[in-house]
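Novice: Protein sequences, first through last, are from chains A and B. Under the working numbering, the first residue of the first sequence is numbered 1, with each subsequent residue one higher. Under the working numbering, the first residue of the second sequence is numbered 1, with each subsequent residue one higher.
No lab work stands behind these hints: they were computed from the structure. Misleading hints may appear alongside valid ones.
Claimed, not checked - Here are the simulated DSS-like cross-link-like pairs (lysine-lysine), alpha carbons at most 25 Å apart as the crow flies: (1) B:248 / A:120; (2) B:123 / A:230; (3) B:288 / A:106; (4) A:230 / A:120; (5) A:248 / B:120; (6) A:123 / B:230; (7) A:123 / B:248; (8) B:230 / A:120.
This one's a predicted model, so the numbers in the text were calculated from it and none came from an experiment.
Number of protein chains: 2
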Amino acid sequence: MVMLNNISTAVQYTPAGRVYNFGAGPAMLPAKVMQRAQSEFMDWHGTGISVMEMSHRCAEFISIAEQSESDLREILNIPRNYKVLFLQGGATSQFAMVPMNISQAKDTVDYFHTGHWSDKALKEARRFCKVNVSATDEKNGFRSIPKVATWNLSKNAAYVYYTGNETIHGVEFHSIPDVGKVPLVTDMTSNLLTRPLDVSRFGIIFAGAQKNIGPAGLVVVIIREDLIGKARQGIPGLYDYAGHAREKSMVNTPPTYSWYIAGLVLQWIKEQGGLVAMEEKALRKSGKLYRAIDNSGFYINSVDVSCRSRMNVPFTLADESLYDEFVARGKAVSTMPCRKKGWTTSLYLCGSLNGVTVNITDSSHLFGMTE
Amino acid sequence: MVMLNNISTAVQYTPAGRVYNFGAGPAMLPAKVMQRAQSEFMDWHGTGISVMEMSHRCAEFISIAEQSESDLREILNIPRNYKVLFLQGGATSQFAMVPMNISQAKDTVDYFHTGHWSDKALKEARRFCKVNVSATDEKNGFRSIPKVATWNLSKNAAYVYYTGNETIHGVEFHSIPDVGKVPLVTDMTSNLLTRPLDVSRFGIIFAGAQKNIGPAGLVVVIIREDLIGKARQGIPGLYDYAGHAREKSMVNTPPTYSWYIAGLVLQWIKEQGGLVAMEEKALRKSGKLYRAIDNSGFYINSVDVSCRSRMNVPFTLADESLYDEFVARGKAVSTMPCRKKGWTTSLYLCGSLNGVTVNITDSSHLFGMTE
Chain A
1 MVMLNNISTA VQYTPAGRVY NFGAGPAMLP AKVMQRAQSE FMDWHGTGIS
51 VMEMSHRCAE FISIAEQSES DLREILNIPR NYKVLFLQGG ATSQFAMVPM
101 NISQAKDTVD YFHTGHWSDK ALKEARRFCK VNVSATDEKN GFRSIPKVAT
151 WNLSKNAAYV YYTGNETIHG VEFHSIPDVG KVPLVTDMTS NLLTRPLDVS
201 RFGIIFAGAQ KNIGPAGLVV VIIREDLIGK ARQGIPGLYD YAGHAREKSM
251 VNTPPTYSWY IAGLVLQWIK EQGGLVAMEE KALRKSGKLY RAIDNSGFYI
301 NSVDVSCRSR MNVPFTLADE SLYDEFVARG KAVSTMPCRK KGWTTSLYLC
351 GSLNGVTVNI TDSSHLFGMT E
Chain B
1 MVMLNNISTA VQYTPAGRVY NFGAGPAMLP AKVMQRAQSE FMDWHGTGIS
51 VMEMSHRCAE FISIAEQSES DLREILNIPR NYKVLFLQGG ATSQFAMVPM
101 NISQAKDTVD YFHTGHWSDK ALKEARRFCK VNVSATDEKN GFRSIPKVAT
151 WNLSKNAAYV YYTGNETIHG VEFHSIPDVG KVPLVTDMTS NLLTRPLDVS
201 RFGIIFAGAQ KNIGPAGLVV VIIREDLIGK ARQGIPGLYD YAGHAREKSM
251 VNTPPTYSWY IAGLVLQWIK EQGGLVAMEE KALRKSGKLY RAIDNSGFYI
301 NSVDVSCRSR MNVPFTLADE SLYDEFVARG KAVSTMPCRK KGWTTSLYLC
351 GSLNGVTVNI TDSSHLFGMT E
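When you get a sec, could you build the whole thing from the sequences and use the hints?
Specialist: Below you can see the structure in the form of structure tokens.
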């Protein structure tokens, strides 16, 4: 009970004087990006109009789009034989686009089942092809990534899929699975741009923007060119990567303002020192939280240490009888939904929305956005 | 040649002191909306964070979402048996969602073919069912809506589809086609909220936001409840209206910031006097342009007067030999792409982007956004 009383309910400020917001996404954006966007909100670079009001076909917006792609290519060192797409629909749209584009109905595809998001992805894929679960830790409550020796990879999978970081379960792949020559697909919505990455190991990398890249409403897709142009018949036109690649993500009006903010974030990442600096930041912040939890005697993080997430740190209470009071106090200091769900306490106690910050939360989004 | 010299190349300002921007979309937003959004960009209502950084699950964002739906329902007087959805993917996503949700592969669906956008919509629908072209003015270059007596409506169409306003061809339906009891579907991307509308006449109304409602990256769908829950098997999860209706447009992270700006625009429309005021404004502005064109002896608008658009006013030159010089001068005063394409001169001479406004353009978007 002593520990419960130690939860801070005072407003916490960032070095830039902003309220801390540990929401997992839409997540906090860098203060410098927000200040710049606000200053040029009504008049972008002397044009007299807002980026929000610009035609996506005008030279100004095209320069914004090209710069953002160029910066992303530089930051991730993306090889030339990959296309970069800025699309709508969120990462969830990719759960269907991937099988619709790089598998046929008769094909088997391999999925690593490591938590909530890979579970959603493989259930969506089952609508379109045969899904082989290569490895799962479901019975154990998704607390680890099964050992390589236990993986059951198909002989002729159309692709292998894994979730780079499981935002709810706090399980992160710290190395890229070796799947031979089969195209490897990854959802890195919650950990893209948080450390250097060898893009050449992948067939498709995608990430919803609202955690590490920019505002909601944008999903970034990095796709090897030989995987484009093989979409199935009878899918929605917008679900074919080929059109987006050909039209430079402008088959229809793109989410221009979100794209522009993402461009500002990419510039900020470069200024910060790129992905090496982002990785240091993620390790420093998550390390601080894991040390606090592990030394508390009150909180428990039961994810296998080898795959603990650097992005989000779920916890349970050592004394389960305290849950109800803990949730009740959480509700009192936060406008976010507080609920007890499964093995992890889904307490969104970040609560910066009403000016209150609780320092430990299961959805702490620990990437560079909260500086 | 005299007329060419009369094209103004001086910067033109709105009463609020903003540069005029006649771009068809993403279009100009009301100055009051932009000023308010800028003022609360970093700190929404004392929360200390931006709407862009808010979780879509928090009480604050849910209040924004609910208010915007409530305002849209009030403005359009939407009956209770209709759902209002705020989705991603643009109007183009609806070109596939409509047939995937309210028709089967064996069904025939009826399309009015009145210009560029209905052409795109019916081509997409052909992937999913049999399309009967109920009426077309293609041979005449899309200058009119064929007379009712010539319509070829199917006996058992799953639905009838028309484009409320053709943004490129400048053809607008000024009354709702009578199609009996067959569900009527309309793409009102460029004319929703520009006059009062009897929503009860429709099965589905949809509109990309970037012309009359808010920023790009959002599409508003108004759908009669009995049409929900009939989606085909094997479609992407996000293409089923049922999930979006059940989850209040939060199946996955919605485009929160675009939704918020749309909410501000809806409040502004109410303050302006609702759709009666919007209609007066559209008639006043388009009337001014048509009078200028018709009296010029230099420009020609050849759309049948009965279906001239109040939203966009395409034109040709009476003397075709002047096209090349006209295009060249257009390029000189605008950063927008200038090209000669088909029967309409696709000159984006609005050019506010480089501080230059030419008063007559084929993509003048004449709705309330340019006050």
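Novice: If a hint holds in the structure, say so; if it doesn't, say that too.
Specialist: Structure-based check of all given hints:
1. B:248 / A:120: holds, 19 Å
2. B:123 / A:230: It holds: about 20 Å lies between the C-alpha atoms, which stays within 25 Å.
3. B:288 / A:106: violated, 60 Å
4. A:230 / A:120: Satisfied, since the Cα-Cα distance of roughly 24 Å is no more than 25 Å.
5. A:248 / B:120: holds, 19 Å
6. A:123 / B:230: The hint holds at about 20 Å.
7. A:123 / B:248: Answer holds: residue 123 of chain A to residue 248 of chain B is near 21 Å, not above 25 Å.
8. B:230 / A:120: holds, 22 Å
Hint violations for this structure: number 3 only, all remaining hints satisfied.
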